[in-house]
Amino acid sequence: MTEESKVLDDRKYTKEHEWVKIENGIGTIGISDYAQHALTDVVYAELPKEGEKVEAMGKLAVLESVKSVSDVYAPASGEVVEVNKALEETPGLINKSPFEEGWIAKIKVIDEAELDNLMGAEEYKKFLSEQEH
Amino acid sequence: MGEKTPLYEWHKSAGAQVIDFGGWDMPVYYSTPIEEHECIRSSVGLFDVSHMGEIWIEGKDALAVVQKAVSRDISKTAVGKMDLCVMCNEQGGIMDDLTVYKFSEEKMLLVVNAGTAGKDFAQLEGIAKGTGANVKLSNKTMETGKIDVQGQKAEEVLQKLTKIELGKIGFYRFKEGKVNDKEAIVSRSGYTGEDGFEIYCLWKDTQEIWERLIEAGAEAGIKPCGLGARDMLRLESGYMLYGNDIDEEHTPYEGVYGWVVDLNKEDFVGRESLAGQREKGISKKLVGFEMKERGIARHGYKIFRGKEEIGEVTSGSFSPTLGKNIGMAYVGNEFKEIGTEIEVEIREQRVKAEVVKMPFYKRE
Chain D
826 MTEESKVLDD RKYTKEHEWV KIENGIGTIG ISDYAQHALT DVVYAELPKE
876 GEKVEAMGKL AVLESVKSVS DVYAPASGEV VEVNKALEET PGLINKSPFE
926 EGWIAKIKVI DEAELDNLMG AEEYKKFLSE QEH
Chain X
2 MGEKTPLYEW HKSAGAQVID FGGWDMPVYY STPIEEHECI RSSVGLFDVS
52 HMGEIWIEGK DALAVVQKAV SRDISKTAVG KMDLCVMCNE QGGIMDDLTV
102 YKFSEEKMLL VVNAGTAGKD FAQLEGIAKG TGANVKLSNK TMETGKIDVQ
152 GQKAEEVLQK LTKIELGKIG FYRFKEGKVN DKEAIVSRSG YTGEDGFEIY
202 CLWKDTQEIW ERLIEAGAEA GIKPCGLGAR DMLRLESGYM LYGNDIDEEH
252 TPYEGVYGWV VDLNKEDFVG RESLAGQREK GISKKLVGFE MKERGIARHG
302 YKIFRGKEEI GEVTSGSFSP TLGKNIGMAY VGNEFKEIGT EIEVEIREQR
352 VKAEVVKMPF YKRE
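Going line by line, the protein sequences match chains D and X.
Residues 826 to 958, numbered by my numbering, are exactly what the first sequence covers, in order.
Residues 2 to 365, numbered by my numbering, are exactly what the second sequence covers, in order.
None of these hints come from the bench; they were simulated from the model.
Hints may be right or wrong, so weigh each one.
With a Cα cut of at most 25 angstroms, we get these calculated BS3-like pairs of lysine-lysine [said to hold, decoys possible]:
1. Lys353/X with Lys910/D
2. Lys358/X with Lys884/D
3. Lys874/D with Lys325/X
4. Lys130/X with Lys874/D
5. Lys325/X with Lys910/D
6. Lys205/X with Lys884/D
Selected chain X positions facing chain D (Cβ under 7 angstroms, derived; list incomplete) [as the list claims (entries may be wrong)]:
7. Ile35
8. Gly229
9. Ile297
10. His300
11. Phe319
Source: prediction; values computed, not measured.
By construction, the Cβ of each residue, glycine as well, lies at the ideal position given by its N, Cα and C atoms.
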């Protein structure tokens, strides 16, 4: 799979390949196109509970593919306000649409300054190109 | 870096993800495991399984050595037929599961797992020496390519490359002949639960045969398939994966291989222990289960019933055919009945499951 992974400009990325998009203090979180490719078919998503508190780079969710079990980390600290219930029935949405329909959870971010540590789209693209070598 | 099959470069250039399996660098998927799984269940696909071990035994005493090594009575097997067997240690633990191809009483091919080929060969050699048998044993794993063509369109596709009348090969029977004008052995068998063939050819001919099969199957939508799909296919069909579901710590009776043990046969390695177990009964049993709540059981996860730990998962996966999460586990004998409610411990949470009948999937 040498085709280039998609990266969207309107969000930030972690080194663990999560993305977060902030709107009005709420961060929507998912995994990148690169990550869904690396996982292959996601067949199970263990989602956090609404109201749960998460810490930056603490465990947020668990995704299982046919062959592996992987943790998803919270890009920022906050409280879970919504989870993507559609993933319980159709975890494959993460493969089909990692940046839109396959979002995992929304958190009320405590300190947006935490996001300054994350990568922008250009930086993440560079990071990916280094990963592949 | 592990051993490489003759198709390794082909896999890499086709974009396969490669993993270590039994000391070999093997493709786990090319597109995605689920796509490849669907392809086998609905049409036809190809597996490179050249990592499998091929051990030939030839000579006057070939049958006697095989009889001593494996659990099943091969003297009853017709020439031109293959049989599924296990090879046990003295305690009755399973050293390997294998197929024996009977060319004659003096010539047989044992197809064994990649990770166990070395110890299997040593076991056969030990028996041959110990009994002063007149046989020649040869491990031709590194000279033999193996391609499985699996799925309902397997016959149609393979027939384009061979004059062997495939329609006349019954289940678990084989013929020698030519595929793509190269010497080959073709058996109607496999590890997917679908109709299909296993093709053995020379190492050097493997890539050409593979590429011709890809061309011949283009119309049928043939795909190269990896070990990810293969594992789901075999689990749905209730087939054992050596090292996961069966090993030297477990006997054929504890697993699903009681039917390949022939205690009427006068002598074979492990016979005494197995006869003893047959008489006393077993304390644990391999069962199939289906998850009743959300979660996927994985190899090594513990099984509970209330406070009591009653067993351990050997294999578990999402089943694309059933749309359910399924698995196999050894449980205490009193919990083996179909319908028994059990709990699988997944990341410190108990998740409900139920013992169900295997196989999970059977083709019509």
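Each hint, compared with the structure:
1. Among the hinted pairs, lysine 353/X with lysine 910/D is consistent with the structure: their alpha-carbon atoms are about 20 angstroms apart, no more than 25 angstroms.
2. A distance of roughly 37 angstroms separates the Cα atoms of lysine 358/X and lysine 884/D; the hinted pair therefore is violated under the 25 angstroms criterion.
3. Between lysine 874/D and lysine 325/X the CA atoms are separated by roughly 23 angstroms; this keeps the pair inside 25 angstroms, and the hint holds.
4. Among the hinted pairs, lysine 130/X with lysine 874/D is inconsistent with the structure: their alpha-carbon atoms are about 65 angstroms apart, more than 25 angstroms.
5. The suggested pairing of lysine 325/X with lysine 910/D holds, with an alpha-carbon distance near 18 angstroms, which does not exceed 25 angstroms.
6. With a CA separation close to 49 angstroms, the supplied pair lysine 205/X and lysine 884/D exceeds the 25 angstroms bound.
7. A least Cβ separation of about 4 angstroms between isoleucine 35/X and chain D falls short of the 7 angstroms threshold, and the interface hint therefore holds.
8. Contact between glycine 229/X and chain D, as hinted, is supported at the beta carbon level, the nearest pair being about 5 angstroms apart and thus within 7 angstroms.
9. Annotation: isoleucine 297/X was flagged as interfacial toward chain D, and the flag holds, the nearest CB pair being 5 angstroms apart, inside 7 angstroms.
10. Hint on histidine 300/X is violated. Least Cβ distance to chain D is approximately 11 angstroms, over the 7 angstroms limit.
11. Hint on phenylalanine 319/X holds. Least Cβ distance to chain D is approximately 4 angstroms, under the 7 angstroms limit.
In summary, the structure is inconsistent with hints 2, 4, 6 and 10 from the numbered list given earlier, while agreeing with the others.
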